[in-house]
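Okay, here's what each chain looks like letter by letter:
There are 2 protein chains.
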Amino acid sequence: MPLDNPFYTAEIHGDYEMHSIGRFELEDGGVIPNLELAVATYGTLNEDKSNAILIPTFFSGTHQLWHMAYIGEGRALDPNKYFIIVINQIGNGLSTSPHTTDDASIAMSRFPDVRIGDDVRAQEQLLREKFGIEELFAVVGASMGAQQTLEWAVRFPDKVKRAAPIAGTAQNTPHDFLFTQTLIDAITSDPGFDGGEYSSHVDVADGLRRHADIWAVMGLSTEFWRTEFWRDIPAPEGMEWNTAEEFRDGFLRPTFGSLDPNSLLVQAWKWQRGDVARNTDGDLAVALGRVTARVFVMPIDEDMFFPPRDCEKEQALIPNSELRVLNSIGGHFGLFGFEAEYFEQVDRHLGELFAS
Amino acid sequence: MPLDNPFYTAEIHGDYEMHSIGRFELEDGGVIPNLELAVATYGTLNEDKSNAILIPTFFSGTHQLWHMAYIGEGRALDPNKYFIIVINQIGNGLSTSPHTTDDASIAMSRFPDVRIGDDVRAQEQLLREKFGIEELFAVVGASMGAQQTLEWAVRFPDKVKRAAPIAGTAQNTPHDFLFTQTLIDAITSDPGFDGGEYSSHVDVADGLRRHADIWAVMGLSTEFWRTEFWRDIPAPEGMEWNTAEEFRDGFLRPTFGSLDPNSLLVQAWKWQRGDVARNTDGDLAVALGRVTARVFVMPIDEDMFFPPRDCEKEQALIPNSELRVLNSIGGHFGLFGFEAEYFEQVDRHLGELFAS
Numbered sequence: 005m006p007l008d009n010p011f012y013t014a015e016i017h018g019d020y021e022m023h024s025i026g027r028f029e030l031e032d033g034g035v036i037p038n039l040e041l042a043v044a045t046y047g048t049l050n051e052d053k054s055n056a057i058l059i060p061t062f063f064s065g066t067h068q069l070w071h072m073a074y075i076g077e078g079r080a081l082d083p084n085k086y087f088i089i090v091i092n093q094i095g096n097g098l099s100t101s102p103h104t105t106d107d108a109s110i111a112m113s114r115f116p117d118v119r120i121g122d123d124v125r126a127q128e129q130l131l132r133e134k135f136g137i138e139e140l141f142a143v144v145g146a147s148m149g150a151q152q153t154l155e156w157a158v159r160f161p162d163k164v165k166r167a168a169p170i171a172g173t174a175q176n177t178p179h180d181f182l183f184t185q186t187l188i189d190a191i192t193s194d195p196g197f198d199g200g201e202y203s204s205h206v207d208v209a210d211g212l213r214r215h216a217d218i219w220a221v222m223g224l225s226t227e228f229w230r231t232e233f234w235r236d237i238p239a240p241e242g243m244e245w246n247t248a249e250e251f252r253d254g255f256l257r258p259t260f261g262s263l264d265p266n267s268l269l270v271q272a273w274k275w276q277r278g279d280v281a282r283n284t285d286g287d288l289a290v291a292l293g294r295v296t297a298r299v300f301v302m303p304i305d306e307d308m309f310f311p312p313r314d315c316e317k318e319q320a321l322i323p324n325s326e327l328r329v330l331n332s333i334g335g336h337f338g339l340f341g342f343e344a345e346y347f348e349q350v351d352r353h354l355g356e357l358f359a360s
Numbered sequence: 005m006p007l008d009n010p011f012y013t014a015e016i017h018g019d020y021e022m023h024s025i026g027r028f029e030l031e032d033g034g035v036i037p038n039l040e041l042a043v044a045t046y047g048t049l050n051e052d053k054s055n056a057i058l059i060p061t062f063f064s065g066t067h068q069l070w071h072m073a074y075i076g077e078g079r080a081l082d083p084n085k086y087f088i089i090v091i092n093q094i095g096n097g098l099s100t101s102p103h104t105t106d107d108a109s110i111a112m113s114r115f116p117d118v119r120i121g122d123d124v125r126a127q128e129q130l131l132r133e134k135f136g137i138e139e140l141f142a143v144v145g146a147s148m149g150a151q152q153t154l155e156w157a158v159r160f161p162d163k164v165k166r167a168a169p170i171a172g173t174a175q176n177t178p179h180d181f182l183f184t185q186t187l188i189d190a191i192t193s194d195p196g197f198d199g200g201e202y203s204s205h206v207d208v209a210d211g212l213r214r215h216a217d218i219w220a221v222m223g224l225s226t227e228f229w230r231t232e233f234w235r236d237i238p239a240p241e242g243m244e245w246n247t248a249e250e251f252r253d254g255f256l257r258p259t260f261g262s263l264d265p266n267s268l269l270v271q272a273w274k275w276q277r278g279d280v281a282r283n284t285d286g287d288l289a290v291a292l293g294r295v296t297a298r299v300f301v302m303p304i305d306e307d308m309f310f311p312p313r314d315c316e317k318e319q320a321l322i323p324n325s326e327l328r329v330l331n332s333i334g335g336h337f338g339l340f341g342f343e344a345e346y347f348e349q350v351d352r353h354l355g356e357l358f359a360s
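Protein sequences appear in the order of chains A and B. Position 61, counted from 1, in the first sequence is what our numbering calls 65; the numbers after and before it change by one each time, with no gaps. Position 288, counted from 1, in the second sequence is what our numbering calls 292; the numbers after and before it change by one each time, with no gaps.
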């Protein structure tokens, strides 16, 4: 029986549609008997189906932030020009997920392991079967969305004309794996987690709080905290933050505390193992050498766990690519869009990519 | 009754002496009825007592690493030239600590809060009363030892002729506070911690493991992990590491897992609140402006939580100072001395400081 969690509702998330692609066999051997993907679209698909932009989602996120902050008239991601399809990743709480499925065989702790490649295959199938889309004008994704973006470009080179991986890598790094493991352990070590069989995410409040507190250290930057940049971020109505701890407690803890633990764990496991070289017997250079899309690799300068130098090494292996470093004092969470200047940069680079 | 923990013994630590400085009143209101400091000395104090170098210790560390890796004939810290005194910080497991005291009023969870300033005052008293030392040729310390080094230079400007704070700050940063809190929470969230009243550190093995795993992410650098630098670090006899996880499990987990939880917490609380501006009504510039010692501020380039730019901002406020950035792929744990080149740099800078 699906758990009650008000975060994963249309009230919070605005319009989206559930599309079933049926039984889905996963790369690691598991099966999702009826995989449903939550899809939000903006704009209109043109007649020759040449204006579709796919956006896969990041860890803990949904289509919502893309809708609210990245997509808009006059922006690079302009629904007047493009048919923009945001597909929520498997397990993210809107697409089929451990706590929302009514299929007991995959509910809660029985949810199978999902790979980045599974998401990309599912998305490809959905686009083809439901929308008749055989080629993407572009794929744009951030963080785990960047992992999926690069997996798309490697796995389906003929289908991706442009790709913009933001703040993410094609092959997850060892440091990143260990970092993600601390997020996982913060949750699973909570006795309330009960091996994944909790009866409400609230039972795991302590673990989710520790998970959020690690994000405070790694998700933002030392400069964000030193300059007290959080003072520039408006607090929700009825709330204020006057210290770093109050910002952490008022922003990060509620943001992550409202999420489902098993959903986060499915995504974290997937994130840890993102690796396009799985398509080429472990050879990263061969995998990235396959890419025919025009690619702008866009790390964030202050990112603590997808540092620009890691992204640059991969970019050098992608034939038709450029490195476009984004500046954000927010570090990885610059993705949330704390600064107008961040969006100006994103729009400028995406605009140039889309015009090329 | 002191807990049994084989780590905190002379078998592990080599020679040191316990010196009592009697009843000690702490800045935050607590009292240690009989404060004993564990002291290791190397070399001979000269007649005019002008060759004394003080080394305060870092988080989780003791005099041992200094003895084994930093002090030696022909090195900058040469016991043939200097009288080198390593004083273990309060609560570190050798000096008076929660799990080693036989005074029930301060045992375990009842141990009082200790400040960096308390350590420095206790060290000053000890040097004066036991050794008749009124002036230090130099103070050298890393990490929390750097905090104490800078506190010395601010609090006792007439007593410190040279200071070398390595990989640490005078005023702890907000990011660093939040990072340290994740270390604390990893330990205290273990049900075996039992509010600090565990009967053996082994009861807190899970918490200590998570604590070590967070260190794996923040203590080392992304480059350390990316380049698999751990392959160059010899494994102890009978052990080997062929993956990043094996190195973490074989090195970091045992290193931190052997330590006492309450001891780590006393040190972590102290670390979080290191701030020389407590001496000057919160004005950091005034505090650092007081320093008369010649100071080399020595951050490590890959340090994830005492980044060079933070140290440089403080260095600019110290009158007679220079910034000397150390290179180490080890990040903060470069302090452990994984690389011969690291020690060459340390010795070169210290040698120059000592000659000035």
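Derived by calculation from the structure, the hints in this document are not laboratory data. Predicted model only: the values in this text are computed from it and were never measured. Wrong hints could be hidden among the right ones.
Any copy, or any two copies together, can satisfy a pair, since identical chains are not distinguished.
Within a straight-line C-alpha distance of at most 20 Å, the following computed EDC-like cross-link-like pairs (lysine to aspartate or glutamate) qualify [stated by the list, open to error]:
1) 317 <-> 279
2) 85 <-> 138
3) 165 <-> 82
4) 134 <-> 348
5) 85 <-> 236
6) 165 <-> 249
7) 317 <-> 133
8) 85 <-> 51
9) 317 <-> 31
10) 134 <-> 343
11) 317 <-> 232
12) 134 <-> 106
13) 317 <-> 227
14) 53 <-> 139
15) 317 <-> 253
16) 163 <-> 52
17) 165 <-> 253
18) 317 <-> 356
19) 163 <-> 227
20) 53 <-> 189
Cross-check of the supplied hints:
{"no.": "1", "hint": "317 <-> 279", "verdict": "within (14 Å within a copy, 39 Å between copies)"}
{"no.": "2", "hint": "85 <-> 138", "verdict": "within (18 Å within a copy, 77 Å between copies)"}
{"no.": "3", "hint": "165 <-> 82", "verdict": "within (17 Å within a copy, 64 Å between copies)"}
{"no.": "4", "hint": "134 <-> 348", "verdict": "neither (33 Å within a copy, 64 Å between copies)"}
{"no.": "5", "hint": "85 <-> 236", "verdict": "neither (33 Å within a copy, 54 Å between copies)"}
{"no.": "6", "hint": "165 <-> 249", "verdict": "neither (44 Å within a copy, 38 Å between copies)"}
{"no.": "7", "hint": "317 <-> 133", "verdict": "neither (36 Å within a copy, 58 Å between copies)"}
{"no.": "8", "hint": "85 <-> 51", "verdict": "within (13 Å within a copy, 85 Å between copies)"}
{"no.": "9", "hint": "317 <-> 31", "verdict": "neither (27 Å within a copy, 50 Å between copies)"}
{"no.": "10", "hint": "134 <-> 343", "verdict": "neither (36 Å within a copy, 57 Å between copies)"}
{"no.": "11", "hint": "317 <-> 232", "verdict": "between (32 Å within a copy, 16 Å between copies)"}
{"no.": "12", "hint": "134 <-> 106", "verdict": "neither (23 Å within a copy, 73 Å between copies)"}
{"no.": "13", "hint": "317 <-> 227", "verdict": "between (25 Å within a copy, 12 Å between copies)"}
{"no.": "14", "hint": "53 <-> 139", "verdict": "within (8 Å within a copy, 80 Å between copies)"}
{"no.": "15", "hint": "317 <-> 253", "verdict": "neither (36 Å within a copy, 28 Å between copies)"}
{"no.": "16", "hint": "163 <-> 52", "verdict": "within (14 Å within a copy, 80 Å between copies)"}
{"no.": "17", "hint": "165 <-> 253", "verdict": "neither (42 Å within a copy, 43 Å between copies)"}
{"no.": "18", "hint": "317 <-> 356", "verdict": "neither (22 Å within a copy, 38 Å between copies)"}
{"no.": "19", "hint": "163 <-> 227", "verdict": "neither (40 Å within a copy, 34 Å between copies)"}
{"no.": "20", "hint": "53 <-> 189", "verdict": "neither (44 Å within a copy, 52 Å between copies)"}
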